[in-house]
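So the sequence lines, in the order shown, correspond to chains A and B.
So the first sequence is residues 9 to 89, counted in the working numbering.
So the second sequence is residues 2 to 164, counted in the working numbering.
If you are wondering where the hints come from, they were derived from the structure by calculation, not from laboratory data.
Don't take every hint at face value.
If you want the footprint, here are the derived chain A segments under chain B, 3+ residues with CB under 8 angstroms [as the list claims (entries may be wrong)]:
| hint | stretch |
| --- | --- |
| 1 | 27-35 |
| 2 | 79-86 |
Only some residues are given here: those of chain B computed to face chain A with a beta carbon under 10 angstroms [stated by the list, open to error]:
| hint | residue |
| --- | --- |
| 3 | E54 |
| 4 | L58 |
| 5 | Q85 |
| 6 | A87 |
| 7 | I144 |
| 8 | Q146 |
| 9 | A158 |
| 10 | D160 |
| 11 | R162 |
Even for Gly, the Cβ is constructed at its ideal location relative to N, Cα and C.
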Amino acid sequence: MRLPDGVALHARPAGLFVRTAAGFRSRITVAAGEKRADAKSILGVLALGAAGGTTLQLMAEGDDAEAALAALSACVAAFVE
Amino acid sequence: MDHPRPSWHPGVGHPSSLRNLLSPSGGAAPQRRTAYTASEAVQGVVGIVLVSESPRLARGLAHLAGQVAGPDVRIEPTGATGEQVAGAIARADAGAGVLVLADLDVAIHAARAVLDRRGDGAVRLADAPLVEGAVAAAVTAAIGQPLDDVARAAEEARDARKR
């Protein structure tokens with residue numbers, strides 16, 4: 009999925025993303041370019057330094073993986089500048 | 002999860018939608034502890050106190066951590082006198098314990114002195130870097146985790162690499 013233009017995965021958006029991820033049991037990894045992070049770790053997600061327009065890759069493993077991916081995709085899509 | 006946890010007092014000025022979840026009737030009447038997440042019965046949200054000799058620094062960090070963590074966590078910035086720290090702890094306490102983070106010498110001593118006087122496990126000083134620890138702790142508190150987990154998140158922030 010792609011981060012909306014003008015919305016970096018910093019502060020507020022990163023917090024929303026991590027808090028969404030934390031609602032699932034699955035192990036969730038988010039990658040931006042070469043970097044990857046535990047989607048439930050705020051410092052990890054902030055360290056991705058993902059700028060607006062960056063393509064994010066999400067991987068989830070667990071019994072609620074599909075729901076987690078759907079929720080996180082919706083979360084990112086809802087980010088507004 | 003075995004630390005002592007005071008009971009939850011709803012409606013004491015919690016600045017958020019959480020109050021509505023906990024007290025649908027508007028929060029006037031005391032209410033039994035209420036689990037508000039489906040996954041885990043955690044009561045209340047751990048509060049965060051940020052202690053610095055520079056109140057401006059503490060306020061700026063409270064703003065940043067609040068942006069990341071959202072409105073459900075009480076984050077109280079304070080200067081480094083014992084009285085200020087004690088007041089901030091009281092304001093941050095939503096019934097699930099309070100994690101105190103401090104930056105330098107004077108702030109740490111002030112926080113320690115207050116905690117030593119309290120002598121309970123419901124308020125703890127994090128052995129953590131102030132900025133990263135505050136952000137990690139605030140987000141962990143926001144998702145309803147108990148004080149042990151909030152403290153651990155702050156302390157793990159020591160390992161956050163910058164290059």
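Verification of the hints:
1. 27-35: holds (count 4)
2. 79-86: Since 0 is below three, the answer is violated.
3. E54: With a closest approach of 25 angstroms, the E54 of chain B hint is violated.
4. L58: With a minimum Cβ separation of about 17 angstroms from chain A (threshold 10 angstroms), the hint on L58 of chain B is violated.
5. Q85: Violated - the Cβ of Q85 of chain B stays beyond 10 angstroms from chain A, reaching only about 26 angstroms at its closest.
6. A87: Violated. Min distance 28 angstroms.
7. I144: holds (4 angstroms)
8. Q146: It holds, given that the least Cβ distance between Q146 of chain B and chain A is near 8 angstroms, below 10 angstroms.
9. A158: Holds. Min distance 6 angstroms.
10. D160: holds (9 angstroms)
11. R162: holds (7 angstroms)
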